[in-house]
Amino acid sequence: MRETGQRSGDPYGAAVDEVASPAAEDGSLPRGSPLFVPLLFLGAAVLPGSLVVVVGLWGDEPAVQAWRNVCLSISVQALPFLLLGTALSGAINAFVPARVFDRALPRRPALAVPVAGAAGVVLPGCECASIPVASSLIGRGVTPAAAFAFLLSAPAVNPVVLTTTAIAFPGDPSMVVARLLASLATAVVMGWLWLALGREKWLRPTVRHTGHRPGHSRWTEFRLGFQHDFLHAGGFVVVGAMAAATFNVAVPESVLDTFSGSPWLSVLFLAGLAILLSVCSEADAFLAASLTGFSPVARLVFMVVGPMVDLKLIALQAGTFGRAFAIRFSAATTVVAILCSTLVGGILL
Amino acid sequence: MKRLTQAILLVLSGTGLLHIALLTDLYLRYVKEWMRPMLIASGVLLLLLGAAEVWSHRRPGAARARDRGEQGTYEDPDGHPHDHSGVPRAAWLLLLPALSMLLYAPPALGAYTASRQTSQPVAVQQDHFEPLPEVSPLPLTLGDFATRVRQDPEQAVKGRSIQMTGFVTPVERGEGWDLTRLLINCCSADAQAVKVRIHGGETPPADTWVTVVGTWRPDGMLGTSSAAVALDARTVRTIDRPADWYRDALVLPLAD
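Just so you know, the protein sequences line up as chains A and B, in that order.
Read in this note's numbering, the first sequence has 97 at position 97, and its numbers run on one by one without any break.
Read in this note's numbering, the second sequence has 46 at position 46, and its numbers run on one by one without any break.
Please keep in mind that the hints were generated in silico from the structure rather than gathered at the bench.
Remember, predicted model here, so these are calculated numbers, not experimental data.
Nothing false has been slipped in among the hints.
Covered stretches of chain B (chain A as the covering partner; in silico rule of three or more C-beta atoms under 8 angstroms from a C-beta of chain A):
#	region
1	9-16
2	21-33
3	37-47
4	90-101
5	104-115
6	185-198
The calculated label-pair distances, taken between Cβ atoms and stated as ranges, are:
#	chain 1	residue 1	chain 2	residue 2	range
7	B	LEU4	A	THR163	39 to 49 angstroms
8	A	GLY141	B	ALA243	49 to 59 angstroms
9	A	GLY171	B	GLU33	26 to 36 angstroms
10	A	PRO296	B	SER161	32 to 42 angstroms
11	A	THR246	B	LEU99	14 to 24 angstroms
Each residue gets a CB set at the ideal place from its N, CA and C atoms; glycine is no exception.
Next up, chain A with everything else stripped away, as it sits in the complex (with noise of 0.2 angstroms):
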């Protein structure tokens, strides 16, 4: 946290480093001559017009259509949830005294992370919302263990998905108890992992997290706090969504057919795709019904790893969490998620 600050810090930032760069190529002329200010309007006028051109051209062939379609998408149905979530997370920080965590967790992390995982369920929410709300709660001295399991688990079993998921499998209930509880399972096993291996270090502190400090307004910390949480996490969002939409567009169908075939192959394949597509909880259950070439284990599998671990989150926690934990967490929850998955599965389907 304080590197990024320190550089964004620098009084000019980024906005003079990238207007500057198109003058300075011109800029072997020295300010005072007389060409200068000619030539920085030529380059004015003729820079962005041959930009659009290009672009243009070349934004006009199907692939990249579909590209900047696919990767809109992603962004603008996560701006909402997104704004829901940093909203919750500035409220939290700003309004909610750390007591009241204290009071509703049990005082061992151990029980705590259980509690914490369960709570996820009555949340609705997006997996985007999920990571600030989290990152909030550690800063209210919610043991990281917990938050990470709330992290997981929230996204993964809430109502919403849950009833997306009874839709789009009807007549097949069992698919709804496996989902759940296989990923309820994983939320509160990645928080006990974390308790066993994790270390502090790996998390970026939290600096800017300082809760309410008496003297200052409390609407004014709330609305700094989103405003900061939101146009962070949403940098990273179109992060995740560009990687995720080049995935979209790039890998054909006809490649699941190639995996359908061996089981275990087809395991790992679909969680793998889960993490590429990168799409929605909300919406997953449905491709997870329409890949009907895989077995009901591998289907589960897309939608237990689906909602924790993909792209477009790895982004995100990166961001909020520091690089080092969000590949740690991210690799770790993968495999964890497909352990318990194959295991509820292999007892329930």
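Here the structure of chain A is known, so what remains is to put chain B in place on it, guided by the hints.
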């Protein structure tokens, strides 16, 4: 990042959302219509946030307050006041969707996406089929037609004149072209194609919306999975693109 730049980002994103969801119907290219109220609310909220930021920035004394360490300036553990608010440069990327929404909205998904999909969305195994209405030509959705052809033991579509609407996806292998609909559940990243192969006549240009009237092409055993989901077209009429092009034709039968 400067506070004013943050305000500009917020306002641009908010305006972009309002542009696609409130002033135009562009949002239907990307998400389902139930997202509309949420998009409008988000747009308004972002505009308000941006306005509040500008207002607090211009208020007399704001500069002094910032120097004192108020207004989102966070202090290092060792007491040094930090920069404006530590928003990373990644936030600049929000400009891309914002400007794209305002100036350069990509078109809806179409033949390119559909041509890359091989699988059909699952038609739920249906045991009971209602008798088909006695109209001719009989309007059916693509999904209904596929279900009838593959699953109806009564073979009710046999010899019937059927009317279906969708857009044109040229095929690489085999003859004819695909009458296509893309269905989305949430956003267009989860788009799935449902296709009916059309035989007879020339292939219209890709992405043209057409209404086709024809009869089931006898190929395979009707009412079983061996039956081809294909139509011998009698007429192919070009139409305007319907407003609900991502409609889930499987859930709402006879919607055309």
